[in-house]
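**Q** Could you build the full structure based on these sequences and the hints that come with them?
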Amino acid sequence: MAVPILQINCITKFFGGLKVLEDVSFDLMPGQRFGLIGPNGAGKTTVFNLLSGVYSVDSGSVILANQDITNLPIRKRIGLGLSRSFQNIRLMPHLSVLENVMMGQHCQANRITEMIKPIGWTKNNRWRQRALETIKDAGLEVDLNSTVSELPYGVRKKIEVVRALMSKPSVLMLDEPAAGLNPQETIELAGFLRGISDSNVTLLLVEHDMNFIHAICEKVVVLNFGLKIFEGTPKEVNRNKAVLEAYLGTSAMESSGVT
Amino acid sequence: MMGGYVEGIIAILCINLIFAYGIYLTAASGQLNLGGAGFQAIGAYVAGVCSNYFELPIVFSVLGGILGAGLIGFLISFPVLRTRGVYMVLATFAFALVISGIILNSEFLGGATGMVVPAYAPVEVLIFSTFIIILIVFWLMASRVGLAMRAVHDDDVVSEIMGVNVKGIQVFAFTLGGALAGLSGALYAHHYSFIEAQYFNAVLSIFVLLFVLIGGTQTAWGPLFGASFFTLVPEILRLGDTEWRYVIFGILIVLMMIFRPQGVVTRTFVHRASKIFYRTAER
Ligand SMILES: Nc1ncnc2c1ncn2[C@@H]1O[C@H](COP(=O)(O)OP(=O)(O)O)[C@@H](O)[C@H]1O
Ligand SMILES: [Mg+2]
Chain A
8 MAVPILQINC
18 ITKFFGGLKV
28 LEDVSFDLMP
38 GQRFGLIGPN
48 GAGKTTVFNL
58 LSGVYSVDSG
68 SVILANQDIT
78 NLPIRKRIGL
88 GLSRSFQNIR
98 LMPHLSVLEN
108 VMMGQHCQAN
118 RITEMIKPIG
128 WTKNNRWRQR
138 ALETIKDAGL
148 EVDLNSTVSE
158 LPYGVRKKIE
168 VVRALMSKPS
178 VLMLDEPAAG
188 LNPQETIELA
198 GFLRGISDSN
208 VTLLLVEHDM
218 NFIHAICEKV
228 VVLNFGLKIF
238 EGTPKEVNRN
248 KAVLEAYLGT
258 SAMESSGVT
Chain B
9 MMGGYVEGII
19 AILCINLIFA
29 YGIYLTAASG
39 QLNLGGAGFQ
49 AIGAYVAGVC
59 SNYFELPIVF
69 SVLGGILGAG
79 LIGFLISFPV
89 LRTRGVYMVL
99 ATFAFALVIS
109 GIILNSEFLG
119 GATGMVVPAY
129 APVEVLIFST
139 FIIILIVFWL
149 MASRVGLAMR
159 AVHDDDVVSE
169 IMGVNVKGIQ
179 VFAFTLGGAL
189 AGLSGALYAH
199 HYSFIEAQYF
209 NAVLSIFVLL
219 FVLIGGTQTA
229 WGPLFGASFF
239 TLVPEILRLG
249 DTEWRYVIFG
259 ILIVLMMIFR
269 PQGVVTRTFV
279 HRASKIFYRT
289 AER
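Chains A and B, in that order, are what the protein sequence lines are.
Mind the numbering: the first sequence is residues 8 to 266 in this note's numbering, read in order.
Mind the numbering: the second sequence is residues 9 to 291 in this note's numbering, read in order.
Treat the hints loosely; a few may be bogus.
[Said to hold, decoys possible] Ranges between beta-carbon positions, derived for each pair:
#1 B:Val255 x A:Pro100: 29 to 39 Å
#2 B:Phe267 x A:Ser156: 16 to 26 Å
#3 B:Val124 x A:Ser156: 28 to 38 Å
#4 A:Asp34 x B:Gln270: 17 to 27 Å
#5 B:Ile266 x A:Asp34: 32 to 42 Å
#6 B:Glu290 x A:Thr129: 12 to 22 Å
#7 B:Ile144 x A:Gly86: 25 to 35 Å
#8 B:Pro242 x A:Gln115: 17 to 27 Å
[Stated by the list, open to error] Below, simulated BS3-like cross-link-like pairs (lysine-lysine); rule was C-alpha separation at most 27 Å, straight line:
#9 A:Lys26 x A:Lys235
#10 A:Lys83 x B:Lys175
#11 B:Lys175 x A:Lys143
#12 A:Lys235 x A:Lys248
#13 A:Lys242 x A:Lys175
#14 A:Lys242 x A:Lys226
#15 A:Lys26 x A:Lys143
#16 A:Lys124 x A:Lys175
#17 B:Lys175 x A:Lys124
#18 A:Lys248 x A:Lys226
#19 B:Lys283 x A:Lys175
#20 A:Lys175 x A:Lys26
#21 A:Lys130 x A:Lys143
#22 B:Lys283 x A:Lys124
#23 A:Lys226 x A:Lys26
#24 B:Lys283 x A:Lys130
#25 A:Lys248 x A:Lys175
#26 A:Lys175 x A:Lys143
Hints are computed from structural coordinates only; laboratory data are not their basis.
Even glycine gets a Cβ: it sits at the ideal position worked out from N, Cα and C.
**A** The following block contains the structure:
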C-alpha cells in the first residue's frame with residue numbers, strides 16, 4: 008500500500024467566532040490529480056492558506072511525506088515540496104516576468120555563493136536557462152522583461168502557475184488556475200497540467216469550472232460551509248445528492264423535482 | 009589638480025552618494041529609514057574618536073565607523089522591524105534624535121562645540137570609496153539577495169511562501185544600510201577634519217530619504233540619479249539667477265513627484281534605456 012504524500016487530518020479553523028473549516032480530512036497519493044471544490048466561501052482557499060502556513064490551524068495536523076508540517080515556519084514548506092498559487096493573483100508588481108518566475112527558484116539556492124552570484128548579468132546563467140525552459144513548456148508567450156502589472160489577467164494567472172512550478176514541487180496547489188482564461192486557454196492549461204502530473208507531481212486544484220475538473224482530476228473532495236460533504240471520483244460527484252443541494256440550494260432542487 | 013570649487017562639489021557628491029546607497033538598501037526591501045543622519049553621525053564620531061583618541065590610521069578609523077554604524081543598525085533593526093509604515097518612519101526618526109542628543113551631551117565627543125579630526129582624507133579617497141560602493145550595490149542588486157529584497161518590498165507574505173527569510177533579509181538590509189551611512193559619515197569626518205552634532209540633523213535625514221525616493225528604489229540606478237540631482241542641480245542653478253534658484257529647484261521636485269511617483273528611474277525605464285543604448289551601439 009502506497010503512503011500518501013500529503014495527509015490532512017481533522018483540520019479545524021476559526022476566524023474569530025466563525026468556524027470556517029471543521030474536521031476536514033483527506034489524503035493525497037503521490038502523482039494523484041486531486042480536485043477541491045465547493046461553493047463560494049466553502050473554505051477552499053482557507054485550506055490552501057493552512058497548508059502553506061499563512062494561517063495556523065486551530066486543531067488537526069498536516070503531514071507532508073511523513074513529516075509533520077502543521078507548525079512548520081512558512082518559508083520551510085516550499086523546500087519540502089509544497090508549492091502554491093493564489094486565487095487573487097499575487098505576483099510581485101514591480102518585478103519583471105522573468106524575475107517573478109525566478110523568485111520561484113529561491114528555495115533551491117541554498118548556498119551563500121548561489122545567493123550572491125549575479126543572476127541578471129549573464130544570459131547563460133543556469134537558473135535563467137531553467138526558468139526560460141519552463142516558461143516555454145507552459146506556452147507562455149510574453150515579453151519576459153515587461154513588468155507584470157502591465158499584463159492581462161490570463162497571462163498573469165499563467166505566470167503564477169509557472170512560478171509555482173519553479174521550486175520543483177512534489178505537491179502543486181493551484182487556486183482557481185483557469186479563472187479568467189478563455190476556453191482555448193483552459194484546454195491548453197488542462198493539457199499542460201496533465202503533463203506535469205505525468206512527471207509525478209501531485210496536483211491539488213481548486214476550481215469552479217467543472218469541465219476543467221472532469222478533464223484533469225481523478226478524485227475530488229467537496230467542501231460546503233467548512234465541512235467535507237463528499238469524496239470520490241468526478242463522475243460520482245455529479246450524482247451525489249448532498250453536493251447538488253450544496254450547489255443549487257435545497258429549495259431550487261425541490262422546485263425542480265430532483266428530490 | 010582640480011579646482012577647489014569643483015573638488016568641493018565632488019567631495020559632497022561622493023559623501024551623498026554613499027549615504028544615499030545606505031538608505032536605498034533599506035528602501036529597496038520596503039522599509040523607510042528616516043534616521044539616516046543618526047547612522048552617518050555614528051560613523052563620523054566613531055571614526056573621529058578612533059583618529060583623535062587612539063590615533064589609528066585612516067583605514068582603521070573608517071573601518072571603525074563602518075562597523076560601529078553597522079552594529080547599531082543591526083541592533084536597532086529588531087525593534088524597528090516590529091513597526092511598519094509611518095511608525096517605522098517615526099521610530100527611525102526618533103533614533104536619529106537620540107543619537108544627536110547623546111553627542112550634544114557628551115563631553116568626550118566634544119558636545120555642541122564639535123570635534124576636530126586630524127587625519128585628512130583627500131577627495132581621491134572619497135571618489136575611490138564611492139566607486140567601490142556603487143559596484144558592490146549594483147552587484148548585490150543583481151544577485152538573488154537583491155531579487156529577494158525587491159520581492160520583500162512588493163509582498164512579504166508571498167516572499168516568505170517562496171522560501172525567503174524575510175526577517176533575515178530586512179535585518180541584513182538595515183545593517184548594511186547603516187554601515188554604508190556610517191562610511192559616508194567617516195569619510196565626511198576625515199575630509200572636512202571637523203564634525204559637529206548640528207550637521208547631522210533632521211533635515212539631512214529627510215533630504216537623503218528624498219534623494220532615494222525621488223531617484224527610485226527599484227534599481228540601483230535610482231540613488232545615483234537622486235543623489236546627483238540633489239547635489240548638482242542647486243549648484244548649477246547657483247550659477248544663474250540666485251533669487252529664483254530655490255523656487256526652480258522646488259518646482260522640479262514637485263514635477264518629478266507628480267510625473268514619476270515610483271521614482272524617476274524605474275526598472276522599466278532602465279530596461280527601455282538599455283534597449284535604446286544597445287540599438288545605437290550596434291549601428
Ligand atoms: N482572513 C480571514 N478573516 C476572516 N474571515 C475569513 C478570512 N479568510 C476567509 N474568511 C472567511 O472564511 C470563509 C471561507 O473562505 P474561503 O476559504 O476564501 O472560501 P472559498 O475559497 O471556498 O471561496 C468565508 O466565509 C470567508 O469570509
Ligand atoms: Mg477561494
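**Q** Hint compliance check: list the failing hint numbers for this structure, sorted ascending.
**A** Going through the list in order, the structure violates hints 3, 4, 5, 8, 11, 13, 15, 19, 20 and 25 and respects the others.
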